[in-house]
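> Fit chain A to the supplied structure of chain U, relying on the hints for placement.
Chains as they are written, first to last, in our numbering: chain U, 343 to 455; chain A, 8 to 124.
None of these hints come from the bench; they were simulated from the model. The reader is advised that the hints may include incorrect statements.
[Said to hold, decoys possible] The calculated DSSO-like cross-link candidates involving lysine-lysine, where the alpha carbons are at most 27 Å apart (straight line), are: (1) A:LYS10 <-> A:LYS45; (2) A:LYS119 <-> A:LYS77; (3) A:LYS10 <-> A:LYS119; (4) A:LYS45 <-> U:LYS351; (5) A:LYS119 <-> U:LYS413; (6) U:LYS399 <-> U:LYS412; (7) A:LYS23 <-> U:LYS399; (8) A:LYS77 <-> A:LYS45; (9) A:LYS10 <-> U:LYS399; (10) A:LYS10 <-> A:LYS116; (11) A:LYS45 <-> A:LYS119; (12) A:LYS77 <-> U:LYS351; (13) A:LYS10 <-> A:LYS77; (14) U:LYS356 <-> U:LYS399; (15) A:LYS119 <-> U:LYS351; (16) U:LYS399 <-> U:LYS351.
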Amino acid sequence: NAGVTQTPKFRVLKTGQSMTLLCAQDMNHEYMYWYRQDPGMGLRLIHYSVGEGTTAKGEVPDGYNVSRLKKQNFLLGLESAAPSQTSVYFCASRPRLARGEQFFGPGTRLTVL
Amino acid sequence: AQKVTQAQTEISVVEKEDVTLDCVYETRDTTYYLFWYKQPPSGELVFLIRRNSFDEQNEISGRYSWNFQKSTSSFNFTITASQVVDSAVYFCALMFYSGAGSYQLTFGKGTKLSVIP
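The shape of chain U in the complex, shown without the other chains (with noise of 0.2 Å):
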């Protein structure tokens, strides 16, 4: 098992540009998350999915849009990054059961110009 992936792993973009992060997970997790993670932050939830085709707002979600058209697929997209959206990205997927705990991706680090 792979875990949960991420694509790709470095981008940088310039102010205004569009972009999709990719997350795969074979675990066959009902539940899947963005974070980002910012010196000094700690991770903020930006979007969730409970199952496929459902989506919910986190903590900080704007200027980002989700999507979940497959169980195991979650994808985020920027339409037009601005330098304050420059992090680290973690996607996370887990299991119904309360109790499980996040599985995390390896990240994604985005730089805009």
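Chain A in isolation, oriented as in the chain U frame:
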């Protein structure tokens, strides 16, 4: 409000010293879960422990131990005889019910531990 506070931003210890990382949480829920994650310099997040709100037993795993006290809303993490490989950022997190069958994690800001040889 659901909140996790890690008051220690950075800690430095000399190898073989013991070190305790503090975590204080806030929640009005009676059912919740607490976690510790480790983030080494390589950047990945490594799960260390999960504890539910009904289980106040302390836990020991090798050099790691955790002290959960509901009376003080704390879930502290102690590393005994620290080693250089313990150098990392450690995150405490609270999982709570956010409605519509969904649970969310909220993280503290992390404590950066440096173990000096």
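> Straight-line Cα separation of LYS399 of chain U and LYS412 of chain U no greater than 27 Å?
18 Å, holds
> Does the structure keep LYS45 of chain A and LYS119 of chain A at a Cα separation of 27 Å or less?
With a Cα-Cα distance of about 10 Å, the restraint between LYS45 of chain A and LYS119 of chain A holds, given a limit of 27 Å.
> With the threshold set at 27 Å, check whether the alpha-carbon distance from LYS77 of chain A to LYS351 of chain U stays at or below it.
Violated. LYS77 of chain A to LYS351 of chain U sits at ~40 Å, over the 27 Å cutoff.
> Is it true that the CA of LYS119 of chain A sits at most 27 Å from the CA of LYS351 of chain U?
23 Å, holds
> Does the alpha-carbon distance linking LYS10 of chain A and LYS399 of chain U stay inside the 27 Å limit?
Satisfied, since the Cα-Cα distance of roughly 18 Å is no more than 27 Å.
> Are the Cα positions of LYS45 of chain A and LYS351 of chain U separated by 27 Å at most?
20 Å, holds
> Quickly compare the C-alpha distance for LYS119 of chain A and LYS413 of chain U to 27 Å and report which way the hint goes.
35 Å, violated
> Sort out whether LYS45 of chain A lies within 27 Å of LYS10 of chain A, counting only the CA atoms.
19 Å, holds
> Quickly compare the C-alpha distance for LYS399 of chain U and LYS351 of chain U to 27 Å and report which way the hint goes.
24 Å, holds
> Does LYS77 of chain A lie within 27 Å of LYS10 of chain A when you go C-alpha to C-alpha?
15 Å, holds
> Is LYS119 of chain A close enough to LYS77 of chain A, meaning Cα to Cα at most 27 Å?
25 Å, holds
> Given the hinted pair LYS23 of chain A and LYS399 of chain U, is their alpha-carbon gap at most 27 Å?
Violated - the C-alpha atoms of LYS399 of chain U and LYS23 of chain A are around 44 Å apart, more than 27 Å.
Of the numbered hints given earlier, the model fails hints 5, 7, 12; all others are met.
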